[in-house]
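K.L.:
Hints given; two lone chains; assemble the complex.
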Amino acid sequence: MRKIVLAGNPNVGKSVIFSQLTGAKVMISNYSGTTVEFTRGQLNTEHESFEVLDAPGTYSLEPTSKVEEVASDLVEKADIVINVVDATNLERNLFLTTELMERDVPLIIALNMIDEAGHKGVKIDIEKMESELGVPVIPTVAVSGEGLKDLVDSLSSSVNIDKNSLSIPDRWSYVGALVGRIQEIVHRHHSWLERLQDASLNPLTGLPLAGLVLFLAFQLVIGLGDFLHEFMEDYIFEGPYETLLVYLSEAMSGRGFLHDVLIGQLVEGKIDFEESLGVLTTGVYVELGVVLPFLAVFYLVLGFLEDSGYLPRLAVMVDRSMHRLGLHGYSIIPMVLGFGCNVPAALAARNLESRRERFIACTLMAVAVPCMAQLALIVGLVGRFGLEYLAVVFASLFFIWVVLGLIIDRVMPGYTPSMVIEIPPYRIPSLKAQVKKLVMRIKGFLVHATPYILGGILVINILYTLGIIDYLGMLFTPVVRGLLGLPGEAVSTLLIGFLRKDVAVAMLVPLGLTARQFVIGAVVLAAYFPCAATFTVMVKEMGVVDMFKSAVIMVATAFSAGFLLNLLLDTIIPAAYLAAGLVALSIILPLLLGSSSDRRELSDLDEIA
Amino acid sequence: MKLSLVEMKPGQSGVISSIKGGAGFAAKLNQIGLREGKSIKKISSVFNRGPVTVNVDNFQIAVGYGKAIRILVEVENIEENSSRG
Chain A
1 MRKIVLAGNP NVGKSVIFSQ LTGAKVMISN YSGTTVEFTR GQLNTEHESF
51 EVLDAPGTYS LEPTSKVEEV ASDLVEKADI VINVVDATNL ERNLFLTTEL
101 MERDVPLIIA LNMIDEAGHK GVKIDIEKME SELGVPVIPT VAVSGEGLKD
151 LVDSLSSSVN IDKNSLSIPD RWSYVGALVG RIQEIVHRHH SWLERLQDAS
201 LNPLTGLPLA GLVLFLAFQL VIGLGDFLHE FMEDYIFEGP YETLLVYLSE
251 AMSGRGFLHD VLIGQLVEGK IDFEESLGVL TTGVYVELGV VLPFLAVFYL
301 VLGFLEDSGY LPRLAVMVDR SMHRLGLHGY SIIPMVLGFG CNVPAALAAR
351 NLESRRERFI ACTLMAVAVP CMAQLALIVG LVGRFGLEYL AVVFASLFFI
401 WVVLGLIIDR VMPGYTPSMV IEIPPYRIPS LKAQVKKLVM RIKGFLVHAT
451 PYILGGILVI NILYTLGIID YLGMLFTPVV RGLLGLPGEA VSTLLIGFLR
501 KDVAVAMLVP LGLTARQFVI GAVVLAAYFP CAATFTVMVK EMGVVDMFKS
551 AVIMVATAFS AGFLLNLLLD TIIPAAYLAA GLVALSIILP LLLGSSSDRR
601 ELSDLDEIA
Chain W
1001 MKLSLVEMKP GQSGVISSIK GGAGFAAKLN QIGLREGKSI KKISSVFNRG
1051 PVTVNVDNFQ IAVGYGKAIR ILVEVENIEE NSSRG
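Residue numbers (my numbering), protein chains in the order written: chain A, 1 to 609; chain W, 1001 to 1085.
Next up, chain W with everything else stripped away, as it sits in the complex (with noise of 0.2 Å):
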């Protein structure tokens, strides 16, 4: 199931499927390290549009609302409710 960074829960986690956006606007999200076909978890995020905070490889991100609900995700665990981790 495909899913916006917004949309995911904290704990869940997935693959990135596309980045919705100009040329630019992806190869900036690409270069720190958010890219299609990159794992990710998210952490947390802010709430009332807020930043979202994922986990990519060893780092952490934070992206704001306005690029986080650009990014789509196949998610995983989707059954299983914001487990902390």
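Extracted from the complex, chain A is given alone in its bound form (with noise of 0.2 Å):
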């Protein structure tokens, strides 16, 4: 079967002719390195079928980045290229045509998003294009299918070049003599989405919008979230649901090992789905009645921040206060991604250049990060005991993120460069991508997250029925008790926080806990280690050696956290005033301290110049 590599710049749409292609499901947005890894899909013709592979972007085949190698590699491979292209932004995307026109391979052109350069004044003479650069250039518009037959129909024709190869520099001044005799500018007004662009990257209007975007993204959340949790609850789980488990319970007359892992313990006779422990009382529950519905809206909001192409400008915001942990403004992607779920999250930290700021990001993020799963957790069960409490856990991760970061940065030599980052077009997201990336989630939400808590709560009823909990609990009593302040079997926690950390916290609600000690759990479970998913992931991101210094940092840092609360809270401080000063700290440190990193770039300037 021919190979067909599909390679452009980023944020070009490659991922969508892809996706319209195949009709494989990839992620799509709307900013550069959505895909940082190449994607496989399969393209049935008339008469042939093709391998199609959707490479991550690129703005040159000789790479500066680890996602770049990525598609320089692919590219090696390919029987056919088709190079996307973006028709707004021809200059600096032939670019990369010329080099692949130099490579020896078939290549065919699509001028992608053709229907945004006309509404932005660009007219591209198509014949002309195709006759100067000898490859057949198909017209298209990837979103609404446009084109695409065309470019189908034209894989027979696909012309290899095989240029002889230019310097840099002659390069850009071929493209550049190139692009004046294909395309012609016309003035037109500025539009509404572009007047509002310009306000976002203002700071004077793009900071307050900054943080009116993220206080809405959370109040929906945690509102629509818990909203369409209490209904759940109340419609599905205290409903139909139970009587379906009780009547299941009593057919197994209540007790052996079946009934154990199934419905767990009944606490006075009844199933309670927070105590239960059972695969299907606890488990079903805490997966489909309390994280599906806070992770549905969570990811309905970040699929809206995506694709309208709003994630770069918060970037650009915030890029100052993120220089000062080490990191720059891009790195704020991931961190947000993080909220949803850690792997991709550990994924997209590939788009940050230098190893240093992977490992800065991607440790801030697994400490410091929960994961959705687990908000909705702490959310649901801190929140009963008022939200003083939940501010704390919110304010002791926030301090965590700040003073970690501020350290890191300090210690680990090296310094991160300022970034530079393209910003897309305002785009308004349509309903139906929006749909579709939604379910895409959920689906694998539900497939990768099932077996971890299935597995989680099988091995928790093991542990139990064999009594290594009971022990574990007793030899760590003296650990748990005395520097976190929690009954030893909070330990067992600890075991099944690398599993699932939803169960794991669902799991301090049998223990009994005072709100202090639900915070510090809470709190510890959060920062401690990443869970088994997130770990893989990580290990394959940062190395062995990277990822065992940061496991140090986090299981440090989780114990002196929790302790640190376990003296603190409710002792000393009450927990409005300590999740206050915590959140005034975070912010008045960094501040004092300044960036260390920013100093020696610019020295480092100094020697250049």
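Honestly, I wouldn't trust all of these hints.
[To be verified] BS3-like cross-link-like pairs, simulated, lysine-lysine; straight-line CA separation at most 25 Å:
1. A:K432 / A:K443
2. A:K3 / A:K25
3. A:K77 / A:K25
4. A:K163 / A:K128
5. A:K123 / W:K1041
6. W:K1002 / A:K120
7. A:K123 / W:K1038
8. W:K1041 / A:K120
9. A:K25 / A:K540
10. A:K123 / A:K3
11. W:K1020 / W:K1002
12. W:K1041 / W:K1009
The set of hints was computed from the structure by calculation and includes no laboratory data.
Everything numeric in this text was worked out from a predicted model, so none of it was measured.
P.N.:
Structure follows, in structure tokens:
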């Protein structure tokens, strides 16, 4: 089967074309770096079946980052390359095209977003472009599917140019002259989207806007998520589903190993969705009744932020603050993604240039950004003790994020260079694409989470039955009780937390903790170690050595934080004051300390200049 | 008059005259669309050493302070103060 590789600059719509050609489902957003690894799919035409590969975006075949290397390698293996070119941005895109023309591979150009070029007043003479370049040029609008049939039909007429290699300056002047001959730009008025575009980059309007966006996103996720959760609880779990389980429990005469695994322990003769710890009771309840409602709303909001093109603008607004933590603005994207699930967030860190940045970003994300599954449980369970306790959990994690960033940036050699990123135009997200993405993400959650949740609960039951939890509880009582002020059995939640953090948080409930104990448990569980799925990805991304360092940092941070909370919360400082104090410190400390990375980058400049 | 991207005022435009830094540094900026001879217009910058946003051709690029300070621009409309565009 012949291989088609889709190659092009970041954010030109390669994944949209891929998805249209193959029907395969891939993540699509309106910012650079959504695709970090290639995806395979199959295209069947009347005459032939092709294997289609969707490459990550790259500006050049001489790679400068890990992500670009993937793209460069793929082109080597291609039988046909479809070069996706952004019609609104011809000059920069054609640089890669000229590089592709020098490779020994047949080429077709998909001139994408031709509609947007029209709106922007860019007119391209397609026939002239074809004759100048010597390869077929097919105008497309990938999102609506326009031109894709022509693209498939032209696969047989792809042309191998194999030009002589140009030097970089010669290449730019060739491209510059070419664009001058085939493109005409007419002036037109600014649209309201473009005005909003400028407003979100101007700090006077952009900073309040960023605050508003984050606040609304948070409110929506918590508010609407909780509403859906209550709805599921009232009408499904405490209704027909419970009846069904009671029937099942009675059929098993209320005891036995199978009963313990499926239904769990009855609390005062009744099924308790939080405390029974059975696969069908707590397992299903946690996954579908608590996590799913919050996760669905979060992904809805995230999808909108991604596709509108807002995230890179948020990156610009937070760049200054992120520099103080040894990162730059674009690393806000893995952080935001991390609130959904830490796994894609660790993958997104690949877009960061240096090993140093990837280390800091992954570590901070894994320690201080709880995934939505965990957050849903924290909001639901800690929230019962009062909002001030919930505030302490959030404030503690924020504080850890800031302080850890400040420390690592100062201790780790090297510096984080400042960013250079393309700001995509605002686009109004299409409803169809949003629904598709949401369904894809929820499916992904159900498929990936279910085995861990079921496995986690099975493990708990086996460990309890064998008496291992009691033994470990006794063994670790001095540490867990002395340091964290928690009962010894809490050690079981740390074990399960490695499998699923949401289940682990739920397991705090049967321990009958006080408010302060619950807060400590939730913070330690969030920070101490990534879950197995995240851990696997982090090892792959960072390597064993860096992961080991990162893990040491995580464990040390989690236990110090737990110890400090145990020392201060409610004993010396009431919850509300502690939360406010931690947030204030998190803001003041970086301002006082300034950015050491910045100084190092600027002194590096002196050396070069 | 030559100014760095950082020194330029929002609304000013000009032609990039030089990029100070090693070959790798310049190559990275060239690829994304910033190179000698390109006309650019500064749109905005975030205060206290924040990133600078510029218009090049038909698109916008945000450049962090540490990089923006190394990009020198021959500014055209110097007498015209920060007119918002």
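K.L.:
If a hint holds in the structure, say so; if it does not, say that too.
P.N.:
Results of checking the hints against the structure:
1. The suggested pairing of K432 of chain A with K443 of chain A holds, with an alpha-carbon distance near 17 Å, which does not exceed 25 Å.
2. Distance hint between K3 of chain A and K25 of chain A is fulfilled; the C-alpha atoms sit about 19 Å from each other, no more than 25 Å.
3. Proposed proximity of K77 of chain A and K25 of chain A is supported: the alpha carbons are some 23 Å apart, at most 25 Å.
4. Note on K163 of chain A and K128 of chain A: the hinted pairing holds, with a Cα-Cα distance of about 19 Å set against a maximum of 25 Å.
5. For the hint linking K123 of chain A to K1041 of chain W, the alpha-carbon distance of about 22 Å falls within 25 Å, and the restraint holds.
6. A distance of roughly 30 Å separates the Cα atoms of K1002 of chain W and K120 of chain A; the hinted pair therefore is violated under the 25 Å criterion.
7. Restraint check: the Cα-Cα separation between K123 of chain A and K1038 of chain W comes to about 20 Å, which is no more than 25 Å; the hinted pair holds.
8. For the given pair, K1041 of chain W sits about 17 Å from K120 of chain A by alpha-carbon distance, which is consistent with the 25 Å threshold.
9. Annotation: proposed proximity of K25 of chain A to K540 of chain A holds, straight-line Cα distance about 24 Å (limit 25 Å).
10. The suggested pairing of K123 of chain A with K3 of chain A is violated, with an alpha-carbon distance near 32 Å, which exceeds 25 Å.
11. Distance hint between K1020 of chain W and K1002 of chain W is fulfilled; the C-alpha atoms sit about 13 Å from each other, no more than 25 Å.
12. Restraint check for K1041 of chain W and K1009 of chain W: the C-alpha separation of about 10 Å stays at or below 25 Å, so the hint holds.
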